[in-house]
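Chains A and H, in that order, are what the protein sequence lines are. Okay, so the first sequence: first residue is 12 according to the numbering used here, each after it adds one. Okay, so the second sequence: first residue is 417 according to the numbering used here, each after it adds one.
These are calculated hints, taken from the structure and not from any lab test. Even glycine gets a Cβ: it sits at the ideal position worked out from N, Cα and C. Mixed in with the good hints there might be a few duds.
Said to hold, decoys possible - Listed next, with one range per pair, are the computed distances between beta-carbon atoms:
#1 A:Val41 <-> H:Arg518: 46 to 52 Å
#2 A:Glu170 <-> H:Ala620: 47 to 53 Å
#3 A:Val346 <-> H:Glu531: 41 to 47 Å
#4 H:Gly429 <-> A:Arg258: 33 to 39 Å
#5 H:Gly654 <-> A:Glu170: 49 to 55 Å
#6 A:Glu170 <-> H:Ser640: 47 to 53 Å
#7 H:Ala436 <-> A:Glu170: 48 to 54 Å
#8 A:Arg258 <-> H:Pro452: 34 to 40 Å
#9 H:His603 <-> A:Ile177: 44 to 50 Å
#10 A:Ser195 <-> H:Gly543: 23 to 29 Å
#11 A:Ala29 <-> H:Pro652: 53 to 59 Å
#12 A:Glu197 <-> H:Gly511: 56 to 62 Å
#13 H:Ser479 <-> A:Ala29: 25 to 31 Å
#14 A:Trp219 <-> H:Gly423: 58 to 64 Å
To be verified - A short list of chain H residues far from chain A (calculated; beta carbon distances all over 12 Å):
#15 Val468
#16 Ser479
#17 Gly514
#18 Asp576
#19 Ala635
#20 Arg662
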Amino acid sequence: MTALSLTATYAAMGARRAAVLVFGCVAILVSLVLDVATGPAFLPVAAVAKSVFGLAQDRTVDAIVWSIRLPIAFVALVVGAALGLSGAIMQTILNNPLASSYTLGVSAGAGFGAALVIVLGVAMPVPEAWGIPLMAFLFAGIACAGVYGIGQARESSPEMLVLAGIALLFLFQALLALLQFVASPEALQQIVFWLFGSLQKASWSKLWIITVVLVACIPVLVADVWRLTALKLGDERARGLGVDVRRLRLRSFVLISALTGVAVAFVGTIGFVGLVAPHIARMLVGEDQRSFLPASALYGALLLSLASIASKTVLPGAIVPIGIVTSLIGVPFFVWLILRNRRAFW
Amino acid sequence: MKLTVEGLSVRYGVTQAIEAVDVAAHPGEVLAVIGPNGSGKSSLVKAVAGLVAHAGVVRFDGSPLRPERIGYMPQDIGARAALTVLEAVLLGRLGRLGLRVRPEDLAAVEAVLGELDLMPLASRYLGELSGGQRQLVFLAQALASEPSLLLLDEPISALDIRHQLEVMEIVLRMTRARGLTTLVILHDLNIAARFADRVLVMRAGRTACCGRPEAVIDAAMVASIFGVEATFSSDPQGRLIVTPLRALAAA
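Take the sequences, apply the hints, and build the full model.
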């Protein structure tokens, strides 16, 4: 082969990956339109379209589209992207395909934080509607710090960090169960509904907050993109290539904490996206993090957007909590995905 | 450039892996590190690479050794990352890579892939390769960084005999052509005798002896260090051939 052919090989790989990303964007656009067009109000598609483009005469349609459907559809996208991205970072820094914020206790921490506010009615110097998200965000951060802190005890090896995550998952689940045990029937119902995960409380302000956090993570990831790729070869090899593995993990945990915390805080625990989206991305584009991270975010957004549509259509006239839908539809899809994968990536 | 190691010690918890090791290696020289399992060979190389906490002095051309001057190839070849050969070798140039890969980085990778006959595998994933092929990929990665010091931890352990010879010939050729200083951990005494300029023998974390292969590798050393009885002969070119006969009973 000549220099041209290696350049051509590299260009072909790049083009293939760009195509995957473009396809993801197009699919997201289609899914977004369908998400906005569907809902229990059974509005005609033309009426929804008119409202979106500011041509509607009906204030009720405008209210449904602009105050409910559009925020929900967009929040599904940014939450899916945040969960997909945090799962991808976690699987990379822990070199473990089972890692995600859900499987390693970060979401459970957030759930415990939310339940604490619901049960104890902790006095917060903020409106009640923001108390639960704030505590969920705070406890997601505490869980992340816990995983990292315990992991440090053994030189922050990936195995130790995963074990720390599993230990914290059980701890927060036990604490959550304890809160449920002592909760009043009303509080218990509220906790259970929060844990299901739901997009129904989406709003424009929440959308902007999640978007700002998501966008703020991008420059850090861009700067670390090759170091994260090197980490996929193992700690020792990454160190041999000049990567400060300890600092890279610390930075990454901060990002995971922010991304998971802000996503879970507003929509509750949604389990499957953070685990599955990176797997889809890995199969499509490999683990060069320049493609892997954006693909994980895009396909996470697509998954949650599709789940949002499904949550409104599986039971006509009702909205099934999205956390239930992601798992019910996601699990068979995930099993099919890993069974048909011929490459030994895990 | 000359590598100077003085009083190098590494401790893992209560285990003293190596103690007060002195080594010097010169540009254009291949120094083979040999010794039984657990004698501290990998710890020595890792300490020189700055990958483990250590006491003692490591200098390169009289100055502290900077990571970008090192091409390090670790022992473990079990990487199953979803990376192509091209991407894995590109990582050897990590410090120089931006979001967009520059043509000169691709050219450097292409040169080393061509040298190791890996071009046909460039777009294959690491998980699709055999252990030996992966070992070649990580040797390519170490070379792609255009290092001054090459540290190779058992680079031919998973290779068939043809590839063992080919890889060691490449290592020797590059060491000479680029003026590299090369430390290579080997288990095969014949390969060490054939390709190394000098041999450093490790025993229980210390230097047992160091010198030219024909001066160091003899019946007494093989018996005392490895606990093996062996015969010694020469090939038509006069190169040492070691034939292990049997394991000696422990003293």
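Unsatisfied constraints (hint numbers, rising): 1, 2, 4, 6, 7, 9, 10, 13, 15, 17
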